[in-house]
Structures are given as C-alpha cells and as structure tokens.
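Participant: These protein sequences, in sequence, are chains A and B.
Residue numbers for the first sequence follow this note's numbering, beginning at 38 and rising by one.
Residue numbers for the second sequence follow this note's numbering, beginning at 865 and rising by one.
Since the hints were derived computationally from the structure, they do not count as laboratory data.
Accuracy of the hints is not assured; some may be wrong.
As the list claims (entries may be wrong) - Here are the simulated DSSO-like cross-link-like pairs (lysine-lysine), alpha carbons at most 27 Å apart as the crow flies:
id: 1; chain 1: A; residue 1: K54; chain 2: B; residue 2: K935
id: 2; chain 1: B; residue 1: K935; chain 2: A; residue 2: K132
id: 3; chain 1: B; residue 1: K986; chain 2: A; residue 2: K72
id: 4; chain 1: B; residue 1: K1073; chain 2: A; residue 2: K121
id: 5; chain 1: A; residue 1: K140; chain 2: B; residue 2: K935
id: 6; chain 1: B; residue 1: K1056; chain 2: A; residue 2: K72
A quick note: this is a predicted structure, and the numbers were derived from the prediction, not measured.
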Amino acid sequence: MTAVIFSDKDFEEKVVKGKGVVMVDFYADWCGPCKLAAPIIDELSEEYKGKVVVGKMDVDANQQTTGKFGIMSIPTVVVFKDGKEVERMSGFAGKEGYVKLIKKVLGEA
Amino acid sequence: MVRKLIIIGSGPAGYTAAVYAARAELKPLVLAGEKSGGQLMNTGAVENWPGTKEGVMGPELMIEMRQQAVKFGAEMVDKQVTKVDLSQRPFKVWAGEEIYEAEAVIVATGAESVMSGVPGEKELLGRGVATCAVCDAPFYRDKVAYVIGGGDAAVEDALALTKHAKEVYLVHRRDELRASKIMVKRVKENEKIKILWNTELKEVLGKDKVEKIKVRDNQSGEEKELVADGVFLAIGHKPATEMFKNQLTLDEKGYIKISMEYPIVTQTNIQGVFAAGDVVDYRYKQAVTAAGMGCQAALDAEKYLEQQ
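Looking at chain A on its own, in the form it has when it is part of the complex:
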C-alpha cells in the first residue's frame, strides 16, 4: 500500500475537516532527502493502517495548502488530530523519527 496523495482540492475536506490522526509529508521531486523519506512514508501507511492516515503532498503542485501551513522547508511532516495540527518535524528524520512522532500523537510513547 502506498501513501494517500493529497491536493489543494481535497486537503480541506480530507485533513482539516477530517477525524482521527492524519500525517502529511510535504515533499518535492527535486529534493534529495524527500527521496529517502518517500519509501518510509509508504511503509508507515501500511504499518499504521486503520490507526493513522499517512499521506503526502507535492509542494510544487499544491502551493495554496503549502503556503497556508507555512511550509518553508522540505521534507516537513505535519501530524493532524481531528483536523488540528499537533506535531511538525522538518528535515528527514529517518523511520525511527517518524515512528516516534506517530507514537507521541497516538499516546503510545
């Protein structure tokens, strides 16, 4: 399973008005560290199926959402809980870093 792909069109509906925990990886194709994050984000979407919606957003194609959330560095991962931002991490954190973030939000840490 691969991560959900969000866009400016559906971000409001699927994330901001959504329920539960959603993790979004803001990335671009030309960013080296983003290339390292991509397969890990896909793995996490599988491992946390049913618990966390793991998705990604191409910052080039979706400047509206990227601007609204003040993303100024990629990769940046933002975790939302019931539509509210609860965690944010800039720079590639390795799988362990992302798992830590998810666990914190799920209260498993």
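Position chain B relative to chain A; hints supplied.
Facilitator: Quick look at chain B alone, frame taken from chain A:
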C-alpha cells in the same frame, strides 16, 4: 554470525568501499544509517564528478552508487550505528536492536553540518532557518535570504537561492571566501548576491517564522538587525566520530588518524579497522577523494583479511 567486513557509512567513501569489497567477494554489510547517502543527498547538480560532462544530481549519484554496490552483493541496512567495540575480536557494532560482528571494519561515517548555536536557530528550524538550500530555495520566491558561511557549500546555497529569492546575502566571518575559484567567480558576477565580510550571526529573531537576524561586524564590533525571511546555515562540518572516542586515535579536531603510509594507507591505530572519506580528511573533502579513499580502504581490508 561473524562477517568478514562491516562498512559504517553510506557517502561516496562507504559506497565505493562497498563496491570494491563486494567485487572482492567479501559480502560486506553496509550500515548505511537512517539518513543514507551522505552529504550529496542535500545538493543539486554535482559538476566535478569525473565522467559526467553535463553534471549529475547529487541524490541520483548516491542512489546509483548504492545500487551498484548491491548489484555486486553488498548488503544494505539503513540503521544508525549507536556503539562499537573495537577492543576485541571479532569487532562488534551495535545498530538498532542488533549486534553485528566482523573481522574487519571500515569507518566511513563522514561529517555532519555544524549548527551555529545562536539563540533562535533551533526554535525556527524549518520556519525560515534551513540547512538545505537546494531543497528549500523555491520557498523563498521574491524574499530576502541570508546564507551563513564562506565555503563551497555556502556559495552553492547562495547561487541556488538566486534563482528564486529577491536578494541573497552571504554572511562570512572572514574577508575572503574559502570556496573554489569557479564558485567564487560565479558569486561575484551574480548581481543578486551581496557579501557581508567580517560578519558573524548572533541571533535569529521571529515569532512563528524568521523575521530578522542580528549580526555583528567583528572588526568594528558593531551589531545590527537585518530584515530576513530565510537563514541558511552552511558554516561547516565536523567529523562524525563521537562513538569512536577512546577507541580510535583522533586528531585534535576529531578526525580519525590513519597511517597515510604505503602499503596500508587507510589503517587506523587498530589493525583490521580502516577509515576513509570526510571522517579522516580535513583537507580535500571532495566526493571524488572520498570515493578514492573508500576504494583504498576496501583494498586494505581485503589484503588484511587474506593475511589472517
């Protein structure tokens, strides 16, 4: 299971060592770290890698190198090494939950960027404070960006930013740049870049994002605040040798000391432990020199293992 060879690190030195060791049928295990690929993962086009006339993108070069090593039988594990014990044989290396053992080890952990440590830097990281200009430059369209540093990394960052930003300032604490001549020339010819000589970053200011920076002229002592949208740190690197302290001989700056003498140039103070790349090299620090040393380390390890 005791392996023949463990390579710690995954920059040009580590991957090149892996290509050579794999071709020598040593079945090397590469502990590549969580952030595999090394410093070139944060760069754009690399123009000085021989054999690539049009330049090659840093991340692509590293992914290719990795695949090349895997093709010949290197095993890759993307885990961070947390501890080593080089005092007994086989050598022991801790990564994740596992302890790996090997008869020989190549240390190619490279160097990591140094943060300035000034107030505000940590708090605003990802909100205007950045370490990868190639990644983040497009967010600074028509904005004002400052690059801190004077080496090749700083100059490359400044040039990358000019494609998007309105104004780019290079803040350097000396009165000349360390960067290579071709890069310095490009900076001086670029009208968007202004250089603040003899100037040091003192503080990054802003509430939710970077708004200003405070700098100090180290000749006059004068301090001033400048309006800024972005601060890119390219001050320098330090060798990643924390876990080797008290085991391998390091120089005063923390670089691993190797024999530097033929016929076993990359040998550390411990027989069977070799080191290559930016973890050793305080002088050249190039992808191609790191790759060359990685090759030497693999050949040294191969010879050492044959003699056991």
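Participant: Would you mind marking each hint as holding or not holding in the structure?
Facilitator: Verification of the supplied hints:
1. With a C-alpha separation of about 47 Å, the suggested pair A/K54 and B/K935 falls outside the 27 Å cut-off, and the hint is violated.
2. Annotation: proposed proximity of B/K935 to A/K132 holds, straight-line Cα distance about 24 Å (limit 27 Å).
3. Taking the CA atoms of B/K986 and A/K72, the gap is about 24 Å. The hint holds against a cut of 27 Å.
4. For a cut-off of 27 Å, the pair hint linking B/K1073 to A/K121 stands: about 19 Å separates their Cα positions.
5. Our distance criterion of 27 Å between C-alpha atoms is broken by A/K140 and B/K935, whose separation comes to about 36 Å.
6. In summary, the hint linking B/K1056 to A/K72 is not supported, as the alpha carbons are separated by about 30 Å, beyond the 27 Å threshold.
Hint compliance for this structure: hints 1, 5, 6 are broken, all remaining hints hold.
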